[in-house]
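Let chain A serve as the given structure and place chain B on it in line with the hints.
Protein chains: 2
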Amino acid sequence: MGKRIKLNAVEVACPMQDNPGLWAYPGNEAERYKDMNYWTELAHLLERGRFDAVFIGDMLGVFDVYQQKRDIAIRDALFFPNFDPSFLIPVMANVTKHLNFAITFSITYEHPYTLARKMTSLDHLTNGRVGWNMVASYLNSAARNFGLDEQLGHDERYDRGDEFLEVCYKLWEKSWEDDAVLRDPEKRIYTDPDKVHDIQHEGKYFKVPGIHLSEPSPQRTPVLFQAGTSERGRAFAARHAECIFLNPLSPEESRFVVEDTRGRTAKEGRDPNSVLFFPKLTPIVAETEEEAYAKYRCYLQYTRTEGTLALLSAWTGIDFSTFDQDELLAFIEKSKEGRTYLLDHFEKEKNWSVRKLSKFFAFGGLGALTIGTPQQIADKMEYFVDELGVDGFNIAYITKPQSLKDFIDLVVPELQRRGRVQKEYGEGTFREVLFEQNARLPQHHPGGKHRIQGGVSNG
Amino acid sequence: MGKRIKLNAVEVACPMQDNPGLWAYPGNEAERYKDMNYWTELAHLLERGRFDAVFIGDMLGVFDVYQQKRDIAIRDALFFPNFDPSFLIPVMANVTKHLNFAITFSITYEHPYTLARKMTSLDHLTNGRVGWNMVASYLNSAARNFGLDEQLGHDERYDRGDEFLEVCYKLWEKSWEDDAVLRDPEKRIYTDPDKVHDIQHEGKYFKVPGIHLSEPSPQRTPVLFQAGTSERGRAFAARHAECIFLNPLSPEESRFVVEDTRGRTAKEGRDPNSVLFFPKLTPIVAETEEEAYAKYRCYLQYTRTEGTLALLSAWTGIDFSTFDQDELLAFIEKSKEGRTYLLDHFEKEKNWSVRKLSKFFAFGGLGALTIGTPQQIADKMEYFVDELGVDGFNIAYITKPQSLKDFIDLVVPELQRRGRVQKEYGEGTFREVLFEQNARLPQHHPGGKHRIQGGVSNG
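Line order of the protein sequences matches chains A and B.
Residue numbers for the first sequence, in full-length UniProt numbering: 1 to 459.
Residue numbers for the second sequence, in full-length UniProt numbering: 1 to 459.
Derived by calculation from the structure, the hints in this document are not laboratory data.
Careful, some of the hints might be misleading.
Each pair may be met inside one copy or between any two copies, as identical chains are not told apart.
[To be verified] Straight-line C-alpha distance at most 20 Å; calculated EDC-like pairs for lysine to aspartate or glutamate: (1) 207 / 110; (2) 295 / 198; (3) 195 / 349; (4) 97 / 41; (5) 356 / 192; (6) 187 / 306.
Just chain A, same shape as in the assembly:
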């Protein structure tokens, strides 16, 4: 029997994800995104399906590259309107016992002193059930509202990110000794001042001399997630990430990113198997293949070409509205400024038309879309895990919550029969159940190096 397949659901605090137009599909509960009950019901559903976690994305700007304006993004509800998704974690944690949470915070616009406290807060309140999706924000429409004329360069965002993480590691791992909190009513000491230490960080981007304000939480450092697939993004991931999200356009691409990143991880001195890979999977499932494809064709009628092109424009920086739909992708020059992942791929498909491209991405990328019976979908998932080296999947929906319900009612039991997903939850923090080790960062991780022991930290 192969390794256990881990399952995350992907969500955002907005009507829909990257399937433009599908909010209008009959029965889609898109507009309930701001209703607390939607989220508690979702949490119950995912726990019933024995999902490991729910991963929640975020976006601090609006897509405005297509037509050089935001109209399509607003009309088609492309990650818009949205709200701050971190408040959903306590809501869902409150009604579940085992479901874990990966929440997105920007390493571009947060400050590490307060970000570290946010994550410690969530780790306390959830009793060790949180991860942090570290995102280097890429939207100029966000940068401008923080008073910047435009965003930092792509590579500089990651340089700053490296230092951001260093500050966080120091706050999480070395500011507090394990036995700092005494709560001794006899001696009248709540916390021993000698066991809480200044981190004395002074770097290029941040100056944080003081202590972490929060006492150590179960995991101290939350499980670290990342989704970057650019060259610099993979270097960042190899250094810091414990879980990596992929949105592969093909199985070969999955294999490449897994192998490349594991190789880089080893060069960073980390155990290459201490990084888990989760490609996105958007299942359309039914009892028979015919039914599944019938569903697919229904969904297709709701897709929106302009919406898809607006997404692709934001992701690539290329305004696709300036090209005819029959034009071929040969026009694409490799961008020097990152997001080369998508552009690299497009360069290989120079004979595609813009129209074909928009169809390919109608549901956020056909590499993720998987149509068929429970058995067919389970087969594909096993293939990805056993042959391509991934560790689980980020399950995305087309309509909510129906897509997830279908997956849980049809595919999960099939995977359980095959012994590939859990029937019952294991006990422990998010890191413990993911890696079957203890709750803390391993010593070979750059954050683990900062860990204080006996009053001494080597970080």
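Then chain B, alone, in the frame of chain A:
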């Protein structure tokens, strides 16, 4: 029958508030501050007691003026350790229906673009049950960790605060027209792009050209709370605040702040009765006066003089460790840099010794401490409301949750018998139940001026 007395509970996401040493009192559940169940139980308790709201303070630094170090603050658990309290709102909202929430966010260290989104998020998730306590942070120990050598000057913090609020008002009140969200599946329009507007803010401190990312929430602008009592703080409150917290050292002081602030509010062109005042009240109640005082004497044994002086040092900027406990307060010179509220008062009490001062503040200020039978406490509350012009109270605890349980079991029924507090909750958003008007900011409020109507905003 007089006006309805409104009740808030005061909390912080740390072991204790401003009663140093009391965390060690037998039965005090101080250490449960990081346990989600503590907060859901508290929410249930407060809703049983028909409280209007729970007000949650926050602190982004540690008290380190006393002895020029933080040791006493750490030892005595003075707002330390702490965590980000905003995550408690969704937890408590999820298990209640009517309880409202006032959450503290700093106008010094937040950015208005993201702060506005946070508050809109909470207003959506709670269905209009949130307020924002706008705090100008005053700790150098916080400023340093944001990379500043020291904090902005006191008055400049409020100048920046005025512009901060202006940005928020624009995002909340004028970026979205009321009918911008169509969700029309026929026309395939989720949001009408023509009804979402750039705010084009460009000021001294902030440049925010874009739109609010979140669709309008029930209240749009959350109920605005403030606790400043300095001269500049009262000017800020008179302009922006709808609810003002007081920690009066005497009834006369309450009367002064209420009258002074209402006068300033009128000069700002606002209805002076559109501001509500909530002095802090720390009740010690029992069936008989003897029992109540016996309790008080038990509590007294747990107070910590050094802890109290460490609090006072942080609040005034004066290191009280450099004076003998028998020294008289005559040494206090009026500070030019704000926090004159406490210092003004101390100047009147020049013949007090440091020791006497520390006793006066052992439970966070004797003006708030109220010891007696339910009838005596209700009498005092009625006096404050009917004679001094306040509108309700912020009920603080000495031990938790016992102090609040006592108040709810003994004082609330007495006040209900007198027809002064609600027996059943009214329906509506926080603003609706506080002011018995609609959910939106009134037109005479500086935020109300930005309100967009028919596509036009005058702000």
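Consistency of the hints with the structure:
no.	hint	verdict
1	207 / 110	both (14 Å within a copy, 17 Å between copies)
2	295 / 198	neither (58 Å within a copy, 40 Å between copies)
3	195 / 349	neither (59 Å within a copy, 39 Å between copies)
4	97 / 41	both (14 Å within a copy, 17 Å between copies)
5	356 / 192	neither (64 Å within a copy, 28 Å between copies)
6	187 / 306	between (68 Å within a copy, 14 Å between copies)
The structure fails to meet hints 2, 3, 5 from the earlier list, while all remaining hints are met.
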